[in-house]
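The lines below spell out each chain.
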Amino acid sequence: MNERDEPIRDDEMSTRGGDVTRSGTDAAGCGRFSMDLLELAALAKREREIEIDPQLELHLVTCKFCARAVDQFDRNNTFLHGAFLEEIASVAAARPANTDPNHRDSGGKDTEDFDGPIRGYRLGPELHRGGQGAVYQAEQIATRRACAVKMLLGGRFAGEKQRFRFEREVEVVAHLRHPGIVTLYESGLTRSGEPWFAMELVEGARFDEFVRSHEQSPRQLVELFRKVAEAVAYAHRRGVIHRDLKPGNVLVDREGVPRILDFGLARIAEPSREGGEAAATEASGGATMAGEFLGTFAYAAPEQLAGDPAGIDSRCDLYALGVMLYECLCGRRPFEGARSIAELVVQKTMSDPPRPRTIFTSVDADLEVIALRLLAADPARRYDTADALVEDLTRFLDGRPILARDDSFAYVVRKNLRRHWIPATAAGALFITIIVASVSLFLAYQNAERERIRSERTLASFQKALGSANPETGAGSSSMGIDDFLALVEQQVSTELVDEPYQLAGVLRTLGLIHLGFDDAARARSAIEEAHRVQADGFERGEVSAAQFAETEFALARVQFNLQEFALAEATYRRALALREKALGREDVDTVETMRHLASALRAQQRLDESQAMLEDAIRRSAAFPDTNAANVIRVGLLHGRATLLAAREDVVAAVAQYEQALNALLEIVPRDDWRVGRTRYNLARVQMCTGDLKRAFENARESEKILHEKKGVDATMTRESASLLAAIRAMAAQSGVAIEESASLDAGEASPALNADGG
Amino acid sequence: MDLDRTTTALLAGLFDPRNAAAWEAFDRRYRPILLGFARNCGLKDDAANEIAQETIVRFVEEYREGKYDRSRGRLGAWLVTIARYRMIDQQRRRGVAKVERGESAMIDLDDEQSVSAAYEAERRRAVLREALEELATKTKTDPKTIRAFEMLVYHGLSPAQVAEDLGMSTHDVYLAKSRIAAKLREIVERLEAEFEESPGDWGAGGRPSARLDA
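In the order they appear, the protein sequences are chains A and B. So that you can map any letter, position 311 of the first sequence is 311 in my numbering, and since no number is skipped, the others follow by simple counting. So that you can map any letter, position 167 of the second sequence is 167 in my numbering, and since no number is skipped, the others follow by simple counting.
In isolation and in its complexed conformation, chain A is listed as follows:
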């Protein structure tokens, strides 16, 4: 692995002295592994295919020097997956031939795709062309994977903000993984800014053609239709609405499995329309297009046709499913004979479709009820969720009575509780307390009367969720998993608050923070980003207050920080800070807490002077804090931050004193076994180890491990870190022959002499 044929010449690249690897020289490893290997280990965090020597991996757990070097490399790699490389590639593709002919020597074969519209793909024959764009059969050159590429025409994403939003939307959709949904592989923008999407290539028949050409019993038909509904339900639970469901977007593959195309793409394509020609122009315009548009609009819900984006939610997909079901049952669409969009809107909103049983008397009465409920002009009269529809279809197939609007939570509980069982013990109770406390905090932000009414609904839906999960009332189970429980809460509130997106966003943010508390940054990110997306829209429209949006920005920044995206976290903290300064005041507890976090993000980027300035400013402002427990905890946090900064400057002696000061202050306001005490002792132990005070380091590390084990669980990162620190100190003591008292435990009397040292 270390044998190289010198393809990279660091000295000449001069990147060592430049931005990217400067940090590498700042934080040299311990010397056991080369800097190249440490750089690779950092890259491996982002490029999963890189295999790292297990020896090195093990080493990184225990060696702080190497781990720090890897972290610093990694911080500088944040742009590797960003838009920057995309930008470079698109410019390179447009550039005339490479100036150096030698560059072409081994790569002549890919010149053709070099000039193609989409980097990395070879386009084949056109499969379909519609009003929105064209679909091509294609091959991903690198993997030789066959796929379909869809190009949306007429919409440009020229600005940075638009591009950013595009990428974010795509990310959500790309995470959908369901047998009934065609997977989105990749997407991007062409040179001229039109979006393209590469997706799974599915061979199959359109849903309506399949139904027409295959003799189906009503039962088979409902089974097929239920699969479509299940896929829709899955996507809705993840916050993705299709908005353009129609038989042409559902392909039935050779195994008879329906696969939905273009999930979420309608929304992604939206900003392009805002910028360019509005969709309305197309709708009211050309007579030549009328046929196609009328065809599409047959599946559009009345609220979509009304053109009010605020009135559209997941229930528009239910309407489309209603039209499809109706078509299956009756062999015709519910509203026919309209010659213009206007006429269709009038029909859809003013009249009911003919009852299916008046067309075919053989249609089952339950199926008729289901179809007509889906086709209700008022979204509130439709099923609340696609899950509810799936449930009714299942009941129909099982020969049980359908529920229509009964969204029984006990049912969801039974169906979902499968994995990760944990006993509903004290931990479970604590957990519920956390949620209730978080919700109360969230509710505290709601003060206006209108908001209060909504809040009551939020709280009620939570109580319902908690009540249903309570083993004593019998609806839940005597044991359940944390993940399952959170999933249940999420599902329940998503159902209850489907028409209150901002409330839902607030709850999602809370859930995200709980995930973060349990070390699940990935789930935290998806929940909080969704919340952020919704609230950002709301904030722009003035429907979400600055204080509320700041809360979400702050949560998002915490996730980013946790995922070590420090530059991103910095930017987000700054936005949160600006909002909070304006909404809450410069000396508000939350404002100052934001500054403390911002200082950490700066420190993590090695911008120590800026970090210190921020921290000192925060400490000055904290002088105006009221004498409450919460404010005092934040004050101590600032002292702790000061100590960590000293440690980052490698001034370990001063750091020890500062940590001790923070610990003493902390012990005055929280119990001795509070997790923050554990964390502070851990940090203190680390710097004490560096000063060579192994005895005290050992005592603090042991106490820290004990507290964190109990409070955060054995698997928490913090607990593992303190355990490995404890092991490291033991090893070091054994090596240097220092006696550390294994049996002694810290009690109040013993801690004080060490902690009374002047904090400076």
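No wet-lab data here; the hints were simulated from the structure. Be a bit skeptical, because a hint or two may be false.
Only some residues are given here: those of chain B computed to face chain A with a beta carbon under 10 Å [what the hints assert, rightly or not]:
(1) 21
(2) 124
(3) 125
(4) 128
(5) 129
(6) 150
(7) 157
(8) 170
(9) 171
(10) 175
(11) 182
(12) 188
Now the in silico label distances, taken between C-beta atoms and shown as ranges [stated by the list, open to error]:
(13) B:77 - A:145: 40 to 46 Å
(14) B:16 - A:83: 54 to 60 Å
(15) A:179 - B:138: 51 to 57 Å
(16) B:138 - A:608: 30 to 36 Å
Cβ coordinates follow ideal geometry from the N, Cα and C atoms, glycine included.
Fit chain B to the known structure of chain A by using the hints.
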């Protein structure tokens, strides 16, 4: 930063009608941007050339007459304003229907935001192009390393394939990608500073580079 290359320095040179070098440098930097910008707006090559030419001439005239006040806006915005009027004028002269759609769709010249976005996109591309050029010609980077980067990033090949084609280890391919990307980013940041076109740079209290002309 190469101070002679800043837009500030270029503009200072343009005041002197005899300073051919300044004229040329300005032309070299802004003509390709204006050309690409006009094409972005949907113009065919000859029409785009005409716009680029007219815009540069008009700008230099107005600049020398002292009509361009830097404190009032960015250079790019000024150029866009000139070019936009030229294009509207050209449209009128040539009788181009505004509703024309399809491959070479015109962007709506009344929509200032789209027009500015088209310019900004082209300006950014010019910076990136120059960065790529600089990487290939002015740095002493091993061509093989650059090639590995190109194959990965431009052509979407897998690291394993690139490694095989170039006879490198996959680990070195990954290192090449990250180091070239870092190098490029560094160059781009420097060039952006030289262009001084980031929002705010030309107004009062911009980045230090903008204070050069204060």
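Quick rundown of the hints versus the structure:
no.	hint	result
1	21	24 Å, violated
2	124	7 Å, holds
3	125	5 Å, holds
4	128	4 Å, holds
5	129	6 Å, holds
6	150	7 Å, holds
7	157	5 Å, holds
8	170	8 Å, holds
9	171	6 Å, holds
10	175	6 Å, holds
11	182	3 Å, holds
12	188	8 Å, holds
13	B:77 - A:145: 40 to 46 Å	45 Å, holds
14	B:16 - A:83: 54 to 60 Å	41 Å, violated
15	A:179 - B:138: 51 to 57 Å	53 Å, holds
16	B:138 - A:608: 30 to 36 Å	33 Å, holds
This entry does not satisfy hints 1, 14, going by the numbered hints stated previously.
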